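There are 4 protein chains.
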Amino acid sequence: QIGLKTNVSVNVVKQIQFADQKQEFNKRPTKIGRRSLSRSISQSSTDSYGSAASYTDSSDDETSPRDKQQKNSKGNGDFCIKNIKQADFGRREIEIAEQEMPALMALRKRAQGEKPLAGAKVVGCTHITAQTAVLMETLTALGAQCRWAACNIYSTQNEVAAALAEGGFSVFAWKGESEDDFWWCIDRCVNLEGWQPNMILDDGGDLTHWIYKKYPNMFKKIKGIVEESVTGVHRLYQLSKAGKLCVPAMNVNDSVTKQKFDNLYCCRESILDGLKRTTDVMFGGKQVVVCGYGEVGKGCCAALKAMGSIVYVTEIDPICALQACMDGFRLVKLNEVIRQVDIVITCTGNKNVVVREYLDRMKNGCIVCNMGHSNTEIDVASLRTPELTWERVRSQVDHVIWPDGKRIVLLAEGRLLNLSCSTVPTFVLSITATTQALALIELYNAPEGRYKQDVYLLPKKMDEYVASLHLPTFDAHLTELSDEQAKYLGLNKNGPFKPNYYR
Amino acid sequence: QIGLKTNVSVNVVKQIQFADQKQEFNKRPTKIGRRSLSRSISQSSTDSYGSAASYTDSSDDETSPRDKQQKNSKGNGDFCIKNIKQADFGRREIEIAEQEMPALMALRKRAQGEKPLAGAKVVGCTHITAQTAVLMETLTALGAQCRWAACNIYSTQNEVAAALAEGGFSVFAWKGESEDDFWWCIDRCVNLEGWQPNMILDDGGDLTHWIYKKYPNMFKKIKGIVEESVTGVHRLYQLSKAGKLCVPAMNVNDSVTKQKFDNLYCCRESILDGLKRTTDVMFGGKQVVVCGYGEVGKGCCAALKAMGSIVYVTEIDPICALQACMDGFRLVKLNEVIRQVDIVITCTGNKNVVVREYLDRMKNGCIVCNMGHSNTEIDVASLRTPELTWERVRSQVDHVIWPDGKRIVLLAEGRLLNLSCSTVPTFVLSITATTQALALIELYNAPEGRYKQDVYLLPKKMDEYVASLHLPTFDAHLTELSDEQAKYLGLNKNGPFKPNYYR
Amino acid sequence: QIGLKTNVSVNVVKQIQFADQKQEFNKRPTKIGRRSLSRSISQSSTDSYGSAASYTDSSDDETSPRDKQQKNSKGNGDFCIKNIKQADFGRREIEIAEQEMPALMALRKRAQGEKPLAGAKVVGCTHITAQTAVLMETLTALGAQCRWAACNIYSTQNEVAAALAEGGFSVFAWKGESEDDFWWCIDRCVNLEGWQPNMILDDGGDLTHWIYKKYPNMFKKIKGIVEESVTGVHRLYQLSKAGKLCVPAMNVNDSVTKQKFDNLYCCRESILDGLKRTTDVMFGGKQVVVCGYGEVGKGCCAALKAMGSIVYVTEIDPICALQACMDGFRLVKLNEVIRQVDIVITCTGNKNVVVREYLDRMKNGCIVCNMGHSNTEIDVASLRTPELTWERVRSQVDHVIWPDGKRIVLLAEGRLLNLSCSTVPTFVLSITATTQALALIELYNAPEGRYKQDVYLLPKKMDEYVASLHLPTFDAHLTELSDEQAKYLGLNKNGPFKPNYYR
Amino acid sequence: QIGLKTNVSVNVVKQIQFADQKQEFNKRPTKIGRRSLSRSISQSSTDSYGSAASYTDSSDDETSPRDKQQKNSKGNGDFCIKNIKQADFGRREIEIAEQEMPALMALRKRAQGEKPLAGAKVVGCTHITAQTAVLMETLTALGAQCRWAACNIYSTQNEVAAALAEGGFSVFAWKGESEDDFWWCIDRCVNLEGWQPNMILDDGGDLTHWIYKKYPNMFKKIKGIVEESVTGVHRLYQLSKAGKLCVPAMNVNDSVTKQKFDNLYCCRESILDGLKRTTDVMFGGKQVVVCGYGEVGKGCCAALKAMGSIVYVTEIDPICALQACMDGFRLVKLNEVIRQVDIVITCTGNKNVVVREYLDRMKNGCIVCNMGHSNTEIDVASLRTPELTWERVRSQVDHVIWPDGKRIVLLAEGRLLNLSCSTVPTFVLSITATTQALALIELYNAPEGRYKQDVYLLPKKMDEYVASLHLPTFDAHLTELSDEQAKYLGLNKNGPFKPNYYR
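Residue numbers (my numbering), protein chains in the order written: chain A, 677 to 1179; chain B, 677 to 1179; chain C, 677 to 1179; chain D, 677 to 1179.
Hints listed in this document are in silico derivations from the structure and should not be mistaken for laboratory results.
A couple of the hints might just be wrong.
Identical copies look the same in the list; a pair holds intra-copy or inter-copy alike.
Derived SDA-like pairs: lysine to any residue, alpha-carbon spacing no greater than 25 Å straight-line [to be verified]:
1. K1137 x D1003
2. K889 x R784
3. K791 x V923
4. K1128 x N1028
5. K761 x R1070
6. K1009 x P778
7. K1009 x D1159
8. K920 x G1171
9. K897 x K1137
10. K1082 x E769
11. K917 x G1171
12. K744 x V866
13. K761 x P1062
14. K981 x R1126
15. K1174 x Q745
What you are looking at is a predicted structure, and each value in this text was computed from that prediction instead of being measured.
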C-alpha cells in the first residue's frame, strides 16, 4: 500500500549489479530470522497464502517432483508438478473459480471470433491458484501460448497445477519448493529450445529479474511486461530510473480498481475473517486500535465499527487523520491506548510501528496482527528474547508469554493476516486478473511508439472497462449519457468519465 | 428461538409414556433420512459443533474407549474418554477459555470463603468443550461434586475431556459416540454406587429423560433441574403440563441476557464467519434474502448490510415486518426474489421455509444455509432425488447439481450454520455458563417453598447480575442511582431496574 | 419511557382528593420556576410542540377567542378557535397529513359499509394538529360524533382548528391559551345540554380528571377511556389501585408498536433534526455522551454513530449497559467524560441526571439537551443563579454564560428536544392514531364483561393489526403461514404470532 | 463537483470578448424562466443560502441602502449596508462562528509576531456571513487591508455586514440587492481613489470579471487571485487557455480537504437536514434513488442508508458504479425504480437527469430535490406547463399537482438543497476559509517566479497543514514519524505524506 513513494533517491548507480540490486530489494522486506533464505529469493516469494491450502495431498510423497518422470494422460511431459493424479480435484476448483470470475469468461466469449493475443507467447510467474488457472486458460482462449512458474515457494495449489498440466499447460510449480527449485522452475519456463517469449506477466519481479540476468537478449523480442506487485513495480521504476528498462512495462498494481478492491473492500471483509479463523474472538465491545487510516485502515475500521468494536486510529498524515475523525474514530497516539486495547492492527506500510515497548505494555490476551505491508510493521524480532516464551497454539497463532504470565496473541508472526489467515475472495482476484489480461492485450497490440521503455499506468478507460465487465455479477445497470448530456459535460459517451487523477 | 409458543394443548394425557413421549419430542426436529438414528437420540444430540474440532487426534485409534482400561496420572479411573494423553493440550484450551469467561472466574474468587454449592452433587449433560470445563471447575470451586456426560455424540473436544479426567472429574464422553455409547455414558454419570445426585444440569433433556425413565426415585433427593436448550425446556413444560414434573426447574434458555447474546449479538458475527469459512464468498454487493426477522434475523441482516450486501427480508409477523422496513430492508415474499439472490438464510424457527420449488428456481451458485431452528427450515430431503447430483466440495459444503448444470451450494446439509461451520465466541458461552451456575446456586439454596414443581425463569435481578459480572471485560462503568433518584423512580438502588417483561 | 415503574406504593389512600391528587401528579413533572403555572395544569399540557408552529397567524389579533362571535360558512357556531378564515390553509395541511396516514385512510375505506363507531359520542383532549384532524375525521367516518379540546396550551395549530370548525367539528382550542382558557375549553367539550359522551380519548389525563371532578355521574354512560400518555396512564393506574377507576381504560402508551416507533425509530431521526435546527452543529467527529440506553438512547446513539460522532453511554441497568457495550459504545460514568464531550443528551426517564456540578465542568460550547422525560433530567433550575448570564440566541436556544466566558448551549430549556425543536413524522403519529382508533372500537364494541374497571394493554393481535395496516406504505409483502407450518408452530394463521411478552 | 472536466475544447477563440464570454459562462447554469436576470449576473450569485437568513430585520425599511447616509459609531462611512444598528447582533453571530473556526483563530495567534499579509490589500467578493467575517478579521490580524462585496444578491447576513462595518471594514452588501446594486457594490470595493488592491479573493469569478472588464491595468499590481467556486475556477482555466490570465491564480476548489469536506462529509449531514426542514419526512423504510455516486452521492447514500432508507443508485461511470455495488446499493437505471421511489435526489453534476417523462411517472407524494450542480439536474422548466398546478406549501417547498391529483414535492425549485434548505456547518466553512487564507499568504509571499500566469492547485503540504489546524477541535493526536521510519518511507517528517495525486 505504500506504493511508489520511496523511490526518490536521486543518485542511482547506473551500472546494474544484479546480485547487489537484489539485496537492496530485500533490505526492506527482509524478515529477521530468515535472512539466509531471503538472500536470494524476494520477500514476496516466501509469504504464504492461507487460501492456497492444498486439499488433497496429505499423502507424504517425499520424492522431489524434479526427480520424477511426469506425463499427462495425453503423453505430454513438458511440465513439473507434484502429482498429476490430483488433476480432477483441481479441475473442479477451477470450475468453481470460473463462476466468480465473470469478466474473464466474458473476455473468452468475445474472443471467439478474433484472437487479440494470437501469436503471443507469455511467460508467467504468479501464485498458482484456481484463479490464476482461469486467467491462464483465458489467455489461451485469446490466442496466447503460456509457460508458467510460481512466484512463491509455498502458495501453489498442487491440484490446480495438476489440472493445468493435464490440460496441456507447461507448468513448473509445487507447494514447498526449495530456493533452488524456485529458480529452476522459472528457468524451465523461459529456457526451452525453440521457445522465444514475447510477453512477461510477473508478480514480484523475480521472473523479470531472471531474464535480465540470464537471457538479456530475450528482451529484443519482448513487447512488454505486466507487473502486479508493489515490490515488482518498485523494481521496474528503479530499472527505469537507471535507464535500464528495455521494454514497456504496465504497472497493474496502481490501477484504481485494483487499489479500491484489494484494499478497501477486500480488507473490510478479510480483517474479520482473519481474526475469527485464528482466534474466534467476539468483536462486539472489543477495543481495537488500527494504525494507519489509508484504504486498508479505512476498510478495517469500517468493518470493526459495524461489528460493535470501539475503534481508535493512529495516523501520521493530517488529512487521513481528519477523515478518521469525521468517520467517528478517536485519533490517538499508540501509547495513549496501548494498555487498554484488546486488538492491535497495523495498516501503515511503515516499519516498527508496534515495537517492544508497546508489546510490553499491552494487556493480557491482547491480539496483535498486521494488515499492512509485508512483515515490517510489528517488531517481531524484539520478541525473540530469552525471557519470553513462544507457544504455538494453532496454525498461524502464537502466544508470546511474559515472565509474569501475560500472553500476547501474535498472528501469522507479524506477516500479512489477510494473506496468511483468511482467503482473498475470488471476485477480487477476478478484477486483478482481468486487469492483467487487458494490460497484456494493450501492450501486445499497441502500435509502435505508443509505449516507450517506461512504466505505465493502465489508461483510465481500461480501468473503467474492467469495472464494467464486473457489473453484470451484481445485475447492475449502468446509465448511458444522452448526446446532449455528453456534450454538456464535454465527455465521450463511452468514457473515460473521470480525469486520470480521480480516485 | 421459537420458545414456548407451541405448548398450548390443554388436554395432555396425564400418563407419561416415555418411549412415546420421546418420539413426540422427536417429531419436530426429526431429520428425514436419518430417522433410524433419531429414534432414540434427541435431535440436539446429533447436531455437531464445528468449533469442537479436535486438534490433536489425527491418530486413528479405532478401539472403543469403553473397551480401554483408563487411568489418569493419579491412578483415578472413574471416567471414560478417548485418550488421557491429550490432557496437556486440553488444559491449555481451558486456560485460554478462562480468559474470556471473567464472570465465572469472579464467582470462583467470591467463593473462596463461603461455598454456595457445598454439598451439591451435580450430574451434567452438556457439550464437553473448554468452556464447559471452565464451568465445571467453577462449580467445583463453589463446593459441588460433578459427574458429566456429553449431550451430543459429535461435539466433545477429546483433549478437554482428557484434561478434565486428568483433573479428577468423572467425565464420560468422546467425539463420535454411537447411540449406545451415548446412553451408556449418561448412565455411568448417574448410576454409581454410593452416589446420589441432588442437582441436574441438562442441555436437551436427555439426562433428565434418562433419570425419569430409569431411576425415578432419584428425584426424591434432587433439588432442581437447570435446563438450557429450547428442546429441553419444551420437554419440561410438557412434563409440567402433564403434572409429572416432580422437582423445580429453571428455564435458562429464555433469560434476557442469553437470548440477546445467543441470538442477536452472536449471530451478527457467526453468520459472516460461517459463510466465509465454508465458501470464502465476498459479501460486498451480494443479494441476500433472510427469512425471519426475529433476533437471529436482525443480527444476520445487520451484519450483512454492514458488509455491503443488499438484504431482503421475509416475515409472517407484521410487527417484525415493520421493524424490518424501518431498519431499511425490503420486505418481500420469498418467491419475489428467489431467482435473483446470491444467498438464502433461514432464521424463522419454522419448517419447510425453503422448499424444493424455491430451490429449483434459485440461480446457479446460490448459497443456502440455516441459522434458525435445528434442521427443519430447508427441505433438504426434497433434494435427495435421483436427478440431482450431490458433490461434497469441502467439509460441511455440498454442491447440489441440477441436470442443466446449475449448482446450489448447501451448507451443513441444512443444519445450523453457526454451530456447524463457525465457532461460538467464548464470551457468549460465558454468559450462558454463568447463568447456569447462578441458577444452580439459586435452586440449591432456595428456602423450602420458594420454588414449586414448576418451570421458572431466572429472576430479573439475577439476569442483571449475570450482565454486571461481564461488564468489567469491557472496562465498562455502571452509574449508580442516588437515593433521591431511586426514590423518584420507585426503584431499589440495586435493581431490578426493569419490569420482568422488559426485553 | 419510564413506564409504570413508579406505581408501586402499596398504601394508597382510598379517598380520592382531586386537588391533592392533582398536586401529586404534578410533583414529578413540575418545572421549577414555573410552579405558579403548574399548580393546576398538568405538565404535559405546557410542553410545546415545535412542529405545531402556526404558518399563517402573524396577524396579532389580541382579542381572546372566547370574546368573539364565531360562525363557520354554514352558520354553525358550536366551536371556539382563533380565526375561521384560516380554514383553507388548515385543510391543505390535513390533506398532506392524510397521505402519510395510510392506516386511518384504510379504516375509513373499510367503514363504508358498517360503522363500528355508530352511536359513539367521543370527547377528546389531545394536541390539535393536522394528524389529530385526520384521526377525528376518521372517527366520524366510522360513525362517531366528536367534541374536542387541546391537551396543551401551546400546541394547537390554529389553521387546523379552523379547518375542523369549518368542517363541522366542535373544537375548542387555540395556540396560547391561558390556564383558565384551558379548563374552559375542556368544559365546553364535555358540558353541553343534550350531550352525553360515551367514550373518552385523552392525552395526559386532564379531560378524564375534569370529568371525575365535575361530572362524575357522566361515567355511568361512558364505555371506556383511551389514554395515550405516560402521565395519563400513570394517573389511571393510580385510580385503579385506589379502586376508583369506574370504567375500563386502554393503555395505548405501552403497546409495542407505539413504543418502538415513538422511541427507537422516531428518536433516531429527531435527535439529528432537533440538534441541526437549533445549532447547525456538524456531527462528524463530535464527542457525545448519551445518558440512558433504553429505546430512546438506542435510537440517539445509532443515529449519531452513523453520522460519525464518537458516542459514550451512561447506564444504571447492567443489561442495557452490556447491550451498549456490544453495540460499540464505551460505557462510562458521566464524570469521566463530562470535560471532553461536545454534546450531552439525556434519555433516562430519571431526574437530575445532569446537575450543576457537571454543567460547571463542561467545556466551552458544549450543547446540552433532553430527549427523555419531561423536563426533569437536566437540573435547569440550578443554572438560574446570579453569576450566570442567560442569552437567548435563537428560538429554543439559550447560551448560559459563566463568569469566565464559558458558554453552555442549552436547548429548549431542558424540555424535550424532539417535541420542542424537531417535528414528529406524521408516519409515527399515524401509528399512534390508528392504535387509538382501534382501542376506541374495541372498547366501544366489546361485549359486556370482556373489560372490567381496570387498565388494559391492547391485545397483541391488535398491535399486529396496526402494524399490518402500515405495511402497504412500504410496499411490504407479508408472508403467510401454510396450514402445515401454522400447525407445526401451534399458531393461528392470522396471529397473534408472538406471546404477549415478546417485544 | 464536476470539476474541470469540461474545459477541453481545443479551439478557443483567442480574443476575449467579455460580454460574450460572460454569456457563455451562463449558458450552463442558466435557469430557464429567469433568463432576464441571469443575463448579467452569474448563476452562483443568485443561489440563495438558507443559512443566511437574517434574524432581526423583520423591519421593512424600503429605502435602498445606496440612498442612505451611513456612518458607524466612530464616524466612518466607507461602507454600504442595510442597517448599522444590527451590529451587536451580528457581532454575537461572529463570536459564535469563531468557536467553530479554530484554525483561523490559530492563524491569528501565530500572527501576533510577524504579519504574513502586512501590506496586502485584498478585495473580496464572497458570501457575507458570520464565517466570512471571521476570515476577514483574520486577514486583518495577519496584516491585510480588506474591501468586500457580496458574491450573491440574496446571501448577505445583514447583521454580520453591520458588525463588519461597525468594526471598520469597508463592506458593500445587503440581502436582496438588485442586479444593478450587485455590480455597484463590486465597483465600490475596487474603485476608490488612492486604493490599489494587490490580492483578489473571489467566489464565482464576478469580481475578477469586473476588474478584467473595467480596470485591466489594476492587474499590474495584483499578485494573485484566490478562487473558490467551480464556476470561477472554470472561468480562470478558460482565461488561461486563451492566454489571457495575467496573474497567478490558486484553485482552492479542488484541494483535497475542501472536496472531501464540502462534498462527502458535509452532504452526508445536509441531505438529512435539508429534507427534514422542508418536508419532515421520516427516512426509515423510504425508498430513495440517488442519481450519481461521486463524493456527494456517496455522502447522501451513506446517510440515508444509516437512517433506514432503501437506496438505489444510478451511475454512468462503471468504477463509481462498482463502488456503489460494493457499498450495498442496487445499481439501476432511473426508469426501473422511478414508479416506486419516495424520494429522488440528483448528485450528478449533469443536466436533465430528471426529465418530465420521469416526473410524470413518479408516484403521488414523491419528493424531488437536487444536491448536485446548480439548478440543471432537474428539468424544472418542463413542469411549468398549463396542465400542472404549482402550490407553494412552505418556503422552498412546492407541490406540483397533476390533473389526476398526483402531487410531486419539489424542493428549492430544483436549486441546491444543501444551500437553500439546510445550513452548511461552520466547521466545514472553516476548512475552506483557512484554505483561502493560506492560499493568499502563499501567493502574496511567493518568491518571484514560483508561480506563473497560470492556475495552480494548493501544494499538498498546505492541504495537510489546513487539516492539521483542524485536528485540535477533535482533541486528535497525530503520530510523528521517527527518523528511522521517515527514512524507510523516503518521507520528510513534516510531510507532505502522500503524493499529489493521492485523494
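### Message
When Cα atoms must be at most 25 Å apart, do K1137 and D1003 count as within-copy, between-copy, both, or neither?
### Response
between (31 Å within a copy, 22 Å between copies)
### Task
Tell me, please, which holds for K1082 and E769 at an alpha-carbon limit of 25 Å: within, between, both or neither?
Intra 43 Å, inter 16 Å, cutoff 25 Å: inter-copy only.
### Message
Regarding K889 and R784, is the shortest C-alpha distance of 25 Å or less found within a copy, between copies, in both, or in neither?
### Response
This pair counts as neither: shortest intra-copy Cα distance 35 Å, inter-copy 60 Å.
### Query
Checking K917 and G1171: alpha-carbon separation at most 25 Å within a copy, between copies, both or neither?
between (32 Å within a copy, 23 Å between copies)
#### Entry: Same-copy or cross-copy closeness of K1009 to P778 [CA-CA at most 25 Å]
between (44 Å within a copy, 22 Å between copies)
### Query
Under a CA distance limit of 25 Å, which applies to K761 and P1062: within one copy, between copies, both, or neither?
This pair counts as neither: shortest intra-copy Cα distance 46 Å, inter-copy 29 Å.
### Query
Quick one: K761 to R1070, C-alpha cut-off 25 Å, is that within a copy, between copies, both, or neither?
Close across copies (19 Å), not inside one copy (30 Å); limit 25 Å.
#### Entry: Intra/inter-copy verdict for K1174 and Q745 if alpha-carbon distance must be at most 25 Å
Close neither inside one copy (54 Å) nor across copies (53 Å); limit 25 Å.
### Query
Within a copy, between copies, both or neither: where do K791 and V923 come within 25 Å Cα-Cα?
Answer is within: at 23 Å inside a copy they meet the 25 Å cutoff, but 54 Å across does not.
### Query
Given identical chains, is K981 near R1126, meaning Cα to Cα at most 25 Å, within a copy, between copies, both, or neither?
Classified as neither: same-chain Cα gap 47 Å, cross-chain 45 Å, threshold 25 Å.
### Query
Taking 25 Å as the upper bound on the Cα-Cα distance, should K1009 and D1159 be classified as within, between, both, or neither?
Cα proximity of K1009 and D1159: across copies only (17 Å, versus 53 Å in one copy).
### Task
Evaluate K1128 and N1028 at a C-alpha cut-off of 25 Å and name the case that applies: within, between, both or neither.
For K1128 and N1028, neither the intra-copy (38 Å) nor the inter-copy (43 Å) Cα distance is at most 25 Å.
Checked against the numbered hints given earlier, this structure breaks hints 2, 4, 8, 9, 13, 14 and 15; the rest are met.
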